[in-house]
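Chemist: From first to last, the protein sequence lines stand for chains R and F. The first sequence runs 1 to 266 under the UniProt record's numbering. The second sequence runs 1 to 348 under the UniProt record's numbering.
Hints were generated in silico from the structure; no laboratory data involved. For glycine and all other residues, C-beta sits at the position ideal for the given N, C-alpha and C. One or more hints might be untrue.
[As the list claims (entries may be wrong)] Derived lysine to aspartate or glutamate pairs resembling EDC-like cross-links, with alpha carbons at most 16 Å apart:
no. : chain 1 : residue 1 : chain 2 : residue 2
1   : R       : K112      : R       : D164
2   : R       : K126      : R       : E144
3   : R       : K25       : R       : E15
4   : R       : K138      : R       : E162
5   : R       : K238      : R       : D212
6   : R       : K120      : F       : D5
7   : F       : K6        : R       : E119
8   : R       : K76       : F       : E248
9   : F       : K209      : F       : D190
10  : R       : K126      : F       : E239
11  : R       : K25       : R       : D13
12  : R       : K138      : R       : D96
13  : R       : K138      : R       : E149
14  : R       : K62       : R       : E15
15  : R       : K127      : R       : E162
16  : R       : K126      : R       : E79
17  : F       : K7        : R       : E227
18  : F       : K251      : F       : D240
19  : R       : K112      : F       : E248
20  : R       : K218      : R       : E235
21  : R       : K138      : F       : D5
22  : F       : K6        : R       : D139
23  : R       : K30       : R       : E227
24  : R       : K76       : F       : E250
25  : R       : K230      : R       : D219
26  : R       : K30       : R       : E70
27  : R       : K82       : F       : E248
28  : R       : K127      : R       : E70
[What the hints assert, rightly or not] Pulled from the structure, derived: some chain R residues nowhere near chain F, Cβ distances all over 10 Å:
no. : residue
29  : Y66
30  : E79
31  : K120
32  : L206
33  : E235
34  : R239
35  : D253
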Amino acid sequence: MGQDKAYSIEVRDIEVSFGSLNVLKGISLKMERGRFYGILGPNGSGKTTLLKSMARALRPQKGAVYVNGENVGRMKSRELSKRIACLHQSTDITCDYPVMDVVLMGRYPYVKRFQTEGEKDREIAKKAMIASNVWHLKDRRINEISGGERQRVFIARALVQETDIVLLDEPISHLDIQHQIEILDLAGTMTQEGKTIIAVLHDLNLASMYCDHLIMLKDGAIVAQGEPQKVLTEEIVKRVYGVKPFVIDGMNDNRPYILPVKKQRI
Amino acid sequence: MSFSDKKYRYRFALIFGGLLLVLLILTSVTVGAANISLLDTLRILIGRIPFLGGFVSGGEVSRTHELIVLNIRLPRVIAAAAIGIGLSAVGATYQGMFANPMADPYVLGVSAGAALGASIAIVMGADKIVGGFGLTTAAAFIFALLTVFIVFSIAKTGAKVSNTHLLLAGVAVSFFASSVMSVLMVLNRDKVANITYWMMGSIAFTSWKQVIILVPLVIAGTIAVCVFARELNIIAAGEDGARSLGVEVEKVKKVLLVICSVIVAACVAVSGVIGFVGLIIPHTVRLISGSDNRIVLPFSAIGGGIFLVLCDTISRIPTAEIPVGVLTSMFGAPYFISILIRSKKKVV
């Protein structure tokens, strides 16, 4: 099979169904190294399922995902976790580990059984924690810090995995605007270091501001993809979300800005 | 402070705990109905150690006392330590694995399953024949594994196992096993005393034959469980996240469940149902150290050993011996209720 190594991650014709419900209906994507991809779409359009298929958190019934030309479905778990880091939607955390220990968990694929994390691992963790601005929290307990801080800790854990690809499932959904910007800025810096970032996002305008490439899903199929100017048009947004938007051009480096309009006034 | 900053402190504390347990075992051997002094006990014990034996004159110690110490007290105290270690390590593992502080061998039905297997063996007269204990243990093993398998099959959805379903299935299967045991008792009135005493949880009649099966299984199982502490930590911080870190969550859970049911079966075959050890000891450890399983698992094991040896020692003090399972419940239930009340306050 002539898998193309030029792409960081390639999704080839994947189909996923839960019971009789087809969640993904033949999705194909090619993603390049060092870019920021945003997956958009209404609730239930298959965004998270697509991301989970890429992370192998679930196995598609048909099709495959390739990383640098290698089939993800055939990789060993540890091998895969050295290639792809995935930040799942935040759930309630019940454990009380120190933040430093949570970040060090990211070294799991690199540390052999019967060993503990060494000086090198701690150095890597420190660097990641400084980058994601959580170094000052290292001795706090993970259940005592705020939601935004916790999200940054988990990003540090993903950084420590030293992968080329980082998947983020709604990384900013429950955060205030300051933390949203902070996390997307951090993701932007990661792309400058050559990482490929793929994030499921709900906020069209933040996606427009930060992403190099948007993928718009509806009912398990790709409706449009490309740079924000091409995807966030009045016509496409109306078709996908069923809401007539007002699109302002020329904001933030010419990125489109979507203004929803009250339904009665249409 | 992160785990590796304090690694050596924990190692030191663990060695100290181990020594405390050994000391407690030795002291416990001196307690009982027959009045044997500490000095005589030590003489008897040291006399049995090769090379050292020559230095002690064992002349004045009576043969009966020697038999009581070596063949009655020592095996039961060692069994108490091993069972405490095993049940507590299993409880800690379950709690980590299911992210549920109430999980323990009883909730999952493993104990009841093992008990049912052993009861069937007793009813069929296995305890009367030569090598009968081996048969009882084997029956407990088979039924413990069978219970895990049944509970797991009920709880399984696709390749994944949900915690809620697992716990509910465990409770249901546990009730079923207990009811079958009741039927067995009604139908075999002559064996009621045997089964009842054993259901209360007692190690009064433990023999060396049982100890040599029990101890290696518990020690090997406990060490095996501790090896998975890091995986347990990562799973506790989120299963999806654990998978993306390369932890094979389902496989780890399965391996741990098999190891745990081996430990539980070995313990239950010897002592019957001893409750609350697997619940209160890991809880106490967690209150002190936090929930890092690299600390919780080994310290729960040692703590469980210490706790059960203490309970067993106390159970021997009154003239009519109290089954140790009754005692652990008497201490354990109020403690457990106090944990519940405290956690309620935290939520409100």
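Chemist: A separate judgement is required for each hint: does it hold in the structure or not?
Modeler: Hint by hint, here is what the structure shows:
1. R/K112 x R/D164: Cα-Cα ~21 Å, so violated.
2. R/K126 x R/E144: violated, 20 Å
3. R/K25 x R/E15: holds, 5 Å
4. R/K138 x R/E162: violated, 19 Å
5. R/K238 x R/D212: Violated, at roughly 22 Å.
6. R/K120 x F/D5: It holds: about 14 Å lies between the C-alpha atoms, which stays within 16 Å.
7. F/K6 x R/E119: Given pair F/K6, R/E119 holds - Cα atoms ~14 Å apart, limit 16 Å.
8. R/K76 x F/E248: Distance ~10 Å between R/K76 and F/E248 Cα, so the pair holds.
9. F/K209 x F/D190: violated, 26 Å
10. R/K126 x F/E239: violated, 24 Å
11. R/K25 x R/D13: Judged against 16 Å, a Cα distance of about 8 Å means the pair holds.
12. R/K138 x R/D96: Roughly 13 Å separates the two Cα atoms, so the pair holds.
13. R/K138 x R/E149: holds, 11 Å
14. R/K62 x R/E15: holds, 5 Å
15. R/K127 x R/E162: holds, 12 Å
16. R/K126 x R/E79: violated, 23 Å
17. F/K7 x R/E227: violated, 51 Å
18. F/K251 x F/D240: Holds: F/K251 and F/D240 sit about 14 Å apart, inside 16 Å.
19. R/K112 x F/E248: holds, 15 Å
20. R/K218 x R/E235: Holds. R/K218 to R/E235 sits at ~14 Å (cutoff 16 Å).
21. R/K138 x F/D5: holds, 12 Å
22. F/K6 x R/D139: With Cα atoms ~12 Å apart, F/K6 and R/D139 stay inside 16 Å; holds.
23. R/K30 x R/E227: holds, 14 Å
24. R/K76 x F/E250: Holds, at roughly 15 Å.
25. R/K230 x R/D219: Violated, at roughly 20 Å.
26. R/K30 x R/E70: Roughly 14 Å between the alpha carbons, so the hint for R/K30 and R/E70 holds.
27. R/K82 x F/E248: Cα-Cα ~14 Å, so holds.
28. R/K127 x R/E70: Not OK: R/K127 and R/E70 at ~29 Å, beyond 16 Å, violated.
29. Y66: Per Cβ check, R/Y66 is outside 10 Å of chain F; nearest 18 Å; holds.
30. E79: Check fails; 8 Å does not lie beyond 10 Å.
31. K120: holds, 12 Å
32. L206: holds, 23 Å
33. E235: Check passes; 36 Å lies beyond 10 Å.
34. R239: With a cut-off of 10 Å, R/R239 remains clear of chain F, as the shortest Cβ separation is near 32 Å.
35. D253: Its Cβ never comes within 10 Å of chain F, the nearest being 32 Å, so this holds.
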